Each structure stands twice: as structure tokens, then as C-alpha cells.
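These protein sequence lines map, in sequence, to chains A and B. If you use the working numbering, the first sequence corresponds to residues 16 to 395, in order. If you use the working numbering, the second sequence corresponds to residues 2 to 676, in order.
Quick caveat, the hints were computed from the structure, so don't treat them as lab data. All of these numbers come straight from a predicted model, not from anything done at the bench.
Derived coverage of chain B by chain A (criterion: at least 3 residues anywhere in the stretch with Cβ under 8 angstroms from a Cβ of chain A; other residues may be distant):
id, segment
1, 316 to 330
2, 378 to 390
3, 394 to 401
Ideal Cβ placement from N, Cα and C applies to all residues, glycine included.
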Amino acid sequence: MSRSSASRVAALSGALTLLAAAASASADVVAVDKLAVLPAGPAAAPTSDVPASIPAGEHVDGIFTALAPAAQRKQTEDHGYRYVGIFPTDAQARAYATDGSFNVLSRKEAMPAACLSTGGSLQPGMRLMLRTKPYEPPKPSAAQIEALKKAHRWPPPPPPKPSGPPRDAVQRLRLEKLTQDGDTVTIETTDAMLDLQTMGARLVSKSSAKLSRVVTGPSGLGVFAARDDKGQTEFLVTAPEIPPPPTESDRPAQLEALSMRAASLVAQTPSSASSASGCGRVRFTLAAKAGSGQMATVIATAFLPPATEPDEGPATDDSDGDGEPDDEGFIAQQTSRRGLRKQRARPLAVNVSLSQLASESAPLLSVTFGWAGKNQDISF
Amino acid sequence: MHTSRTIAVILGASSCLGLLDACGGGATPAPVTAPLAPLPSSASCARVTDPSRAPRPLTLTRAGSTVALADIGGKTFAYVADEDERAVHVIDVDGQKDVATTPLGGKPAQLMFLPDGRLVVTLRDRAVFEVLEPQADPTRGLDGRCAVGTDAEPFGLALTPDDAQLLVTSGWGRSLASYKAQVPSMQQSWDVALPREPRSVIASDDGSKAFVAQAVGGQVSVVDLPLQRVVPTETHATKENLAAASKAGAFGAGLSSFRFTTFSSMGTSCQGFALAKTEDPRGRVLVPQALVDPGNPLENTPGYGNPENDQTEVADVAVLDESGGDLLMASLEVSQARLARSMASDAAHAHEECLLPRSAAYDAKNKSLLVGCFGVDDVIAYDAFAASPVRAMKRRWDVAAGPSGIAVDPRGQRAVVFAQFERVVDVLSLAGPELVDDVGANKGGPAARIHLTETRMSIPTSIAVGRVLFHMVGDDRISHDGRACASCHPDGRDDSLTWATPNGPRRTIMLSGRINDTAPFSWSGSEHTLQEHMGITFTRLKGNGGLRSMELDALAQYVQTLAEPPAVANAAAKDRIARGSAIFHSPAAGCSSCHAGPLATDNLHHDVQSKTTADKSGSFNTPSLRFVGGGGPYFHDGRYKTLQQLLTDADRKMGHTAQLSGDDLQSMEAYLRSL
Chain A
16 MSRSSASRVA ALSGALTLLA AAASASADVV AVDKLAVLPA GPAAAPTSDV
66 PASIPAGEHV DGIFTALAPA AQRKQTEDHG YRYVGIFPTD AQARAYATDG
116 SFNVLSRKEA MPAACLSTGG SLQPGMRLML RTKPYEPPKP SAAQIEALKK
166 AHRWPPPPPP KPSGPPRDAV QRLRLEKLTQ DGDTVTIETT DAMLDLQTMG
216 ARLVSKSSAK LSRVVTGPSG LGVFAARDDK GQTEFLVTAP EIPPPPTESD
266 RPAQLEALSM RAASLVAQTP SSASSASGCG RVRFTLAAKA GSGQMATVIA
316 TAFLPPATEP DEGPATDDSD GDGEPDDEGF IAQQTSRRGL RKQRARPLAV
366 NVSLSQLASE SAPLLSVTFG WAGKNQDISF
Chain B
2 MHTSRTIAVI LGASSCLGLL DACGGGATPA PVTAPLAPLP SSASCARVTD
52 PSRAPRPLTL TRAGSTVALA DIGGKTFAYV ADEDERAVHV IDVDGQKDVA
102 TTPLGGKPAQ LMFLPDGRLV VTLRDRAVFE VLEPQADPTR GLDGRCAVGT
152 DAEPFGLALT PDDAQLLVTS GWGRSLASYK AQVPSMQQSW DVALPREPRS
202 VIASDDGSKA FVAQAVGGQV SVVDLPLQRV VPTETHATKE NLAAASKAGA
252 FGAGLSSFRF TTFSSMGTSC QGFALAKTED PRGRVLVPQA LVDPGNPLEN
302 TPGYGNPEND QTEVADVAVL DESGGDLLMA SLEVSQARLA RSMASDAAHA
352 HEECLLPRSA AYDAKNKSLL VGCFGVDDVI AYDAFAASPV RAMKRRWDVA
402 AGPSGIAVDP RGQRAVVFAQ FERVVDVLSL AGPELVDDVG ANKGGPAARI
452 HLTETRMSIP TSIAVGRVLF HMVGDDRISH DGRACASCHP DGRDDSLTWA
502 TPNGPRRTIM LSGRINDTAP FSWSGSEHTL QEHMGITFTR LKGNGGLRSM
552 ELDALAQYVQ TLAEPPAVAN AAAKDRIARG SAIFHSPAAG CSSCHAGPLA
602 TDNLHHDVQS KTTADKSGSF NTPSLRFVGG GGPYFHDGRY KTLQQLLTDA
652 DRKMGHTAQL SGDDLQSMEA YLRSL
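Same shape as in the complex, but just chain A:
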């Protein structure tokens, strides 16, 4: 493990100052009292009513839509629906429109900076389904019709006629963009509406929140926090860092194999919802007042040094140094030539707690790490 685990217990006053520091701070932990000077607060929830439609010409910065090539859409459209690809970058949208590729995790960056959600899990890109024809149930077989007749349920009543375009064509959408500056992260949130029919997008609101690092966990996993003025504390847990590859030429294959695993986080939050993210970060809010407490558990993956020496493969001598293969075949070729690499990984539980006894003057924040499963080897 490149960095030690850490357990932080901090008492948060009204201004979020640290009253009691833990003894086991790791070197890269920022004192929590920095939070006190950061303007912070969770993004406001969008409140606008959903319009019936949005003209195609309307656009929101950072939200890009595309349809896959017609040939690829045909099969789904024959069945009465199609997918609209939604991306935080123009390049991803263009790639989807060109060949239907949906490689939302880059081979150059371990974690995407911008991600999207429709209220559920945060994703580096998404495909939303739009029904293009009214739903038609499958036709019953002769035997089924006979059974329905016996039950006096045949013929069935005619389905209601659709009035206007499908009502789920306009969807709420959230774009989150994360920038990190040392031990501070800034999350810029854009709430918008997207018309899947016209692919027009309308801005609802924009907000920004700064959170400061509470602790750094194994594999560089980060826990950031900021307190709002309503007694709630917002947390952000960022994914573990993918370790340096054995050789630079291994980097693309390594990212291919590990980035999805690294980006996958699942949070169990006090609202009883499990919030999944494929974007390498997960946000949640905890609150505590005298006599109560709340906890969240995030399951992530820690990447650990090999338990045994990796398989030896032939040395690579043709790397151009940039480590950027241009196609899948190149990666396969590289894998074939150098032999399999292995990366040890282990599920990790990040437990974040905010609690305050009636006799305590302020909530106590505590973050701990524990293993949540066994070691596994991931080959690439």
C-alpha cells in the first residue's frame, strides 16, 4: 500500500473547525479546519417545471447529444424505440454518431472530470431510451386467446390513443464537473432539461461547491467535505488512483482493465438508497444534531502491490513512449507479446459518520477504512 490508512475523528463546530484531531493522520491529510474558510454548500435542486418540449436549437454548455448511425439504430427503431447518447464532451458525442462507440472512460485519464446523471447514478456518459412508437404488447397465442375467452377477458379493451408526443421525452439532467486544486475540489453543477425528441437542452440552474480534503485513504482514495448553513455536511468520496503500470507501454491496457473497476463506487446512505457511480466519485449528505447520528458506507476498490511477482513476459522494445495504442488490436498484440500483467485489488469500505450525543457540543466527524472483501487479481 503506497499510503497508510487513516482514521480521523474531528469535532465540527458551527463553523466547522476542528476541535480534536486524530493521532493517526497520514502525511497527505489536510487539517479539517480549512473547511471553515471555504464557501460551500450543496447545489440547489432544480425547481423548474418540465416543459412539453424544447426546441432543437437550444443548447447547454457541456451537454452533448448524438444518435448512433442509422444502421445501428434500425433494429431498435423497428421495435419502436431508440437511444439518445448524452456525453459531457463533444468528442465522445461525435464518436458515438460516427460508429456508435460508447467508450466513455478514456484510455488517457483514469477518471473523467465531467459526468452526468438523471437523478440516479453518476455516469461518464449515458444512453437514454426514447419510445418512437406506442408500445404494442406481443400478440397472444391461440392457446392464450382460448384461455382468455374462457375467463371472459377476450377481446381486451382497446388501448387508449396516445395524445401528443410521449410524455417522457423531456428529462431532467445534471452535469457535474470536478476540478481539483491540491486538497480542494470544486464541483460545478449544471441542472438542465433535455428533450430526447428534439435533442434540445435548456439550462435550469448552475451552482458551485467547494469541498476540502478530510482524509486520504488507501490507493489515494479521497474524502472531501463541506458544511452548509443548514446543519448538513456534504461529502465527496473520490475513486482510488490507478497505480503506475509496470512499463509505460502497459498504460492503455491497464486503464482498459482497471478504470471501470476504479470508477465504480457504491454508497449506502442514510436515506436507505444505494447510490451507484461509474464516474469515480460519489456525493452524499449527512446531518447530525444533538442525540442523533448518520452514517454512509462507500464500497470502493483499493489497488495493492502484488502479493507475488507478476508473470514475466517478453520485454517491449517498440514503444514509442507515449503509450497510446490506437486500437484494440494493438492492446491485444501488446498483451500477447509481453505476457499477462496482474494487479491486486481488494474491496474497501469507507465509513463516514457524523454523530452527536446530547451532551456533546458539536457533531463528531469520523472517517474509517476497512476491508470489504478478499484480494483479487485483475489481469491485463
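Chain A is already provided as a structure; the job is to place chain B on it using the hints.
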């Protein structure tokens, strides 16, 4: 699963049992000091030798355990209460050696250092605590000073922060007593009655309260020390505490779906043996326990408990506010382990929960609660400041079987653990990163292991094996959800619960001292041997029944030899007991026609009109009345909370008591309590 390893260790050591040779680890025999002669109660408890030359308590925990640490010449020594050998061992922790054994006159439960270096030991089977004085030379063991009488079965020890009050719990005697710790006689100041089966005790930092863990009953007793008033605090969700938390608008008031309760049952809690409290910041009392869902007794279920719960018992650590005694409701939210398992697809951890917590200590450096768990034989470090500590497990160590005591040595950043079942002292490193990259294993092990020397007869091998099996958590042969025999029979007694079963409601039966010559077994009386009864029980627990006959026999032998609860001395009530006996055995009362003989049972079936809607039969096997006074609630469905209620409300269903005067009823009750 540790079963096979532990049993192998015990069997391996069996050749030493009963001999005066050193055993385990090939250790050189430790010097044995002369057995302490029975200490006169009139003797002074005061220190005799110069305190400046005495061993100095390394950490003045002011709370009892089976292990306490002292500094002698800059080295750490552990004083260990070994109930099997009825002795205190002195362990050189740095030298990893058992250096002295002082035999005692009884079975030690806990020991604790007083500030001047004297050691107090409760003797569970002798109704006394003894005050001992460690010698300056640790190889010379301890000298006895005095014995002070207590209620039956003294167990837990604590000292108030001003060192003025020594607090002693009595398990079978159901009491907390205060003794004057700073006077030579250590005379008793007062005592208060407690609910069933009190165990460990700690005093609050301001000295105003004592917190007493209760092995059964789902509560902690909070005792106001100046007023000597007991306030029970429920340590599980109840309608009342949920409503109060909700009314107060508390966030995380245990109302989320993660809490253990289900739609049909609020459940309860059990296994409160150990306690710890936090430092820096102070004020949190931590209560390791198990949450239990026995189901709705008026429903027939496939096994024991609520079928809505796939895990009838789960580990928990309740958090109490030291100042007010209030429960932090969020500490009852326990689902992290299951969540983690499901997310990580890690079924291997499914049954490794701490369902039998037996020891606890606070690790100030790491701000962790250390809990010693029987059955899984681990010490687990939880985040002591988490809203629900059990959801924030930081580390676990694989230790020898039966970790009955933990002491933290801050100087060496280590924990010293006494594992009773293997008679081993394990030393755990608390230094370094808490999240240890334990490659190739799920747990870390001890940094050092010190085997106690054996100087006189301990317990027979088969019983030692049976004890391990009785406490085995997570053994698929016994149950599918990790439950052990000791889950429902803590200390071989009973959990005071009424379980939903296929045959109707069934109140757990106390085992200790009530097995021999009482066949057939169970309320239904359908099993004629213990092995047969255990087989049916394991089937109901959905165990796969793979115990070998040798193991079943060892388990049966352990159950048959469980120590009887001690007699409750009540000389003052002698006449009343005699009167009660006469009434009990009179034809008019009609009790002894079924509750006959020395065990107070005819071992036959009778219908006493107690059938409930869920019962498949109204005929029940007559239970033995031995130790009935220490049990309760009563009847197969636990319908009578007290003996008094049983005597008055069961009239004409079972005997005739309506004609008895209040005085006669009291005599009957006194007689029953004497059985």
C-alpha cells in the same frame, strides 16, 4: 472457521492435562506460589508493603477484565485471571513468559488494579472478592490480604474516578454493590437490585453513574450512584425510543430501513457482557451486544425466529451518552456487513460476525473500540466514534479461542488478550497503519503468543472441546446464520426470550445444572437423549448437521457439566422457605404431584391449559424447577413475567394457590427461589 484448529490445539495439549508439567509451547514451568489460604473476612485489606516498591498499574482503567497490566522495573507484566485453573498467572509480556501462578480458592471472573497496586479479584463461585498484593518480584506471585463477602456470583469490577467506591456486580445475585475502597475493611456501603444476569460495570467520568452490562434482557442498567437508583436503558429499538427520537426530530433516529427490526418484530438485544468508554473526547459508553429477532411467538415459523430476517442475530455496538444514559439510536443501524458482503460478493465473510462479544477495551491512540469475540475468536477494532461502530470495522486479529479479556498497553502500542479456551495470552500490535494489507489471509494474527503453564488440573479435554463447539459462531454444521449454542444460552443459561418455532412459542430453557436426569428434553419432551435433542435443534437452525459423533458427545458432556448457578445464601429466610416447602408439597396446593423429586419434575407431559393459537399441542413436558428463581419469564410462552405472577395467575391451571394468603404466597416464592 476455527473449530478444527482450536480443537486440534486442545487435543494436542490434552496429554498435559492433569499433570503438574508445563504445557503448551513447551514453556518452562512457572514458579507456583503457595495456594492462598482462605482469607478471613475480618482481615484488613490494606496494603502491607511499601507502595513505592510495588508493581505499578500500567493503565488505571478502573474497570475489571480477565487481564490487567502492571509496570515492574520498566517491563510490562500481565496479571491474568484463569477460571479453568482457578489461579492468577503473572505473564512477562516483554519476555513472553509465564513467570508465576498463584492458585486461588475459587473461580476468578474479573480482576482489577487499585491505584496503589493491589489487585481485586472476584471469585464467581465463592460469593467473595479478594484483595491481593502483587509482590515486587513478579515471580513470587501475589499475597492475599482479605476476602469480602458479596451477593451470589460476583462478576464485574469498577472503581469510581475518586477511587472511593469499589463497584461489584453479582450475576446470579442480581445486584450492584458499592464497597468503601479506601478503608481497610472495604466494607459494603450499599447495594441495589438489578435485572437478570448483570456482568461488567464501569463508572462514569464524573462518578455520578455506573453502567452495567446485562447478558440478557435487552438493556443496560444505568445506576445513579448518589441516589442508588437503577434506570434501565433499552439497547434495542422499541416503539417508545423510536417515537421519542422521531418526536425530537433527530436525524438518523434509527428510522432508516437499515435497522435490524422488521415489519413484524422490533427484536431485542442480548449478550451484554463487556463495556468500554471513550477518551478524548470522553462521554461515549460502548456496549458490544447482539441484536436478536426471535420472531412473533404467535406465528409458526420454519425454524427459530423471524422468517423475514435471513439473519436472526447480528452484531452491534450500542452507544450510550455517559451524561444522560441515553441511547444513540443510530448505533442500532447495523447493515454495513451485509451491504459490504453483497457488494463485494464475498460470502466468505458471511458468518464472521461478533455474535458473542465477551471482552472490550478502548484503544486511545487509534480511537478504536477493541472487542473480543467468542466463537469467531477474533479481536475486532471498531471506530469508537462512529454513529454505529459495528458498521465501521477497521481491523481484526485472529486470536486463540475464547478471548475473555483485553488490556491496552499504550507504552508498547499493543493489546494483551487472554484467550480462556486455549489458555493463551496473545499480544496484538496496535502500532502502524490500522488498515493492514494482510496478504493471503483475511485477518492478522498476534505479534506474540504466550501459553500459560499448567500447574494443576484444569478441565477434561472432551469438555474443553465441547466448550469450543458450544460457542462456535459461523459453523454451518450448527446453524445457517452463524448462531451458536451460546447465542441462546449465554453462559449455559438462557436468553430470557420466547422464540417463534414450528411448534409454537418456546421459551429458552436454562441448561446449567438442569440437564442431568431430566430427560426427555425440550418443552415438547419428544427427545430422549441430548444428542437427539441437539440434532433437532441444529435442523431448526438450518445447520447441515455435520458434527461427528465424538463432537456431539463432547458437546453433550460440556452441557451436562455446566457449572450450576451458586446457591443464594438466605439464612434469614430459612423459616419462610420451610413454610413454602410445606405448602408446595401439600395436596391442597398440588404442585409436587408434577414437580416431584429432587429435580422438581416428573419428566412427564401435562396439559395445564396453556396452549396458544400457534401451539400444535397443549401438552408439555414438566420443566425442572431447579434454579427457577434465577430465570423468568415463565411458562413455555413466557406469559408470566415474575414468580409472583406465576403463582397467582396460574391458579387451577397448574396447582391451587387461590386459597393461599399473601404471606403463604411469599413463602412459596421463597421456597422456589431456594431450589
